[in-house]
Amino acid sequence: MVTNITNFGRSGLSDWLMQRASAVIMLVYVLFMVGYFLSVSDLSYSAWHALFQQTWMRIFTMLTLISVAAHAWIGLWTVSTDYMKATGVRLIFQSFVILALFAFVVWGVQVLWGA
Numbered sequence: 253m254v255t256n257i258t259n260f261g262r263s264g265l266s267d268w269l270m271q272r273a274s275a276v277i278m279l280v281y282v283l284f285m286v287g288y289f290l291s292v293s294d295l296s297y298s299a300w301h302a303l304f305q306q307t308w309m310r311i312f313t314m315l316t317l318i319s320v321a322a323h324a325w326i327g328l329w330t331v332s333t334d335y336m337k338a339t340g341v342r343l344i345f346q347s348f349v350i351l352a353l354f355a356f357v358v359w360g361v362q363v364l365w366g367a
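Each step along the sequence shown adds one to the number in this note's numbering, with nothing skipped, and position 46 is 298.
Hints may be right or wrong, so weigh each one.
Stated by the list, open to error - Have a look at the derived ranges for each label pair, beta carbon to beta carbon: (1) F312 <-> K337: 37 to 43 Å; (2) G264 <-> R310: 28 to 34 Å; (3) A324 <-> S293: 31 to 37 Å; (4) T307 <-> L343: 37 to 43 Å; (5) R272 <-> I311: 17 to 23 Å; (6) S291 <-> L343: 46 to 52 Å; (7) K337 <-> M309: 39 to 45 Å; (8) S347 <-> S296: 38 to 44 Å; (9) M309 <-> F345: 30 to 36 Å; (10) R272 <-> V357: 19 to 25 Å; (11) A299 <-> A355: 40 to 46 Å; (12) F348 <-> V276: 24 to 30 Å; (13) H301 <-> V357: 18 to 24 Å; (14) M309 <-> A338: 41 to 47 Å.
Calculated from the structure, these hints are not laboratory results.
Glycine included, each C-beta is placed from N, C-alpha and C at the ideal position.
Model the full structure from these sequences, guided by the hints.
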């Protein structure tokens, strides 16, 4: 039996809820962006820059980025524990996923909040 490390001892319900909540956040972000693209007739760098200069948009984007990372971690952890039976291979894969997701989040923070 595989120990569930994604929820620190709680039931799988918390993983399920996190997947659903993160999916809703990502959906709202995508719908907002599609609406923005459709409503702005002249999409230029200045319009794009003005949108992302607003604090609420940076927070919304950061929340979405964290949601993507959480969603990906739970999904890939589940897939790897179900289909990768060799512990060493699973450990290497999960370590790579953690490192990649961490790098993406750090990069996102740098892009959103950096100079």
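**Request:** Go through the numbered hints given earlier and state which of them the structure violates, listing their numbers in rising order.
**Result:** 11
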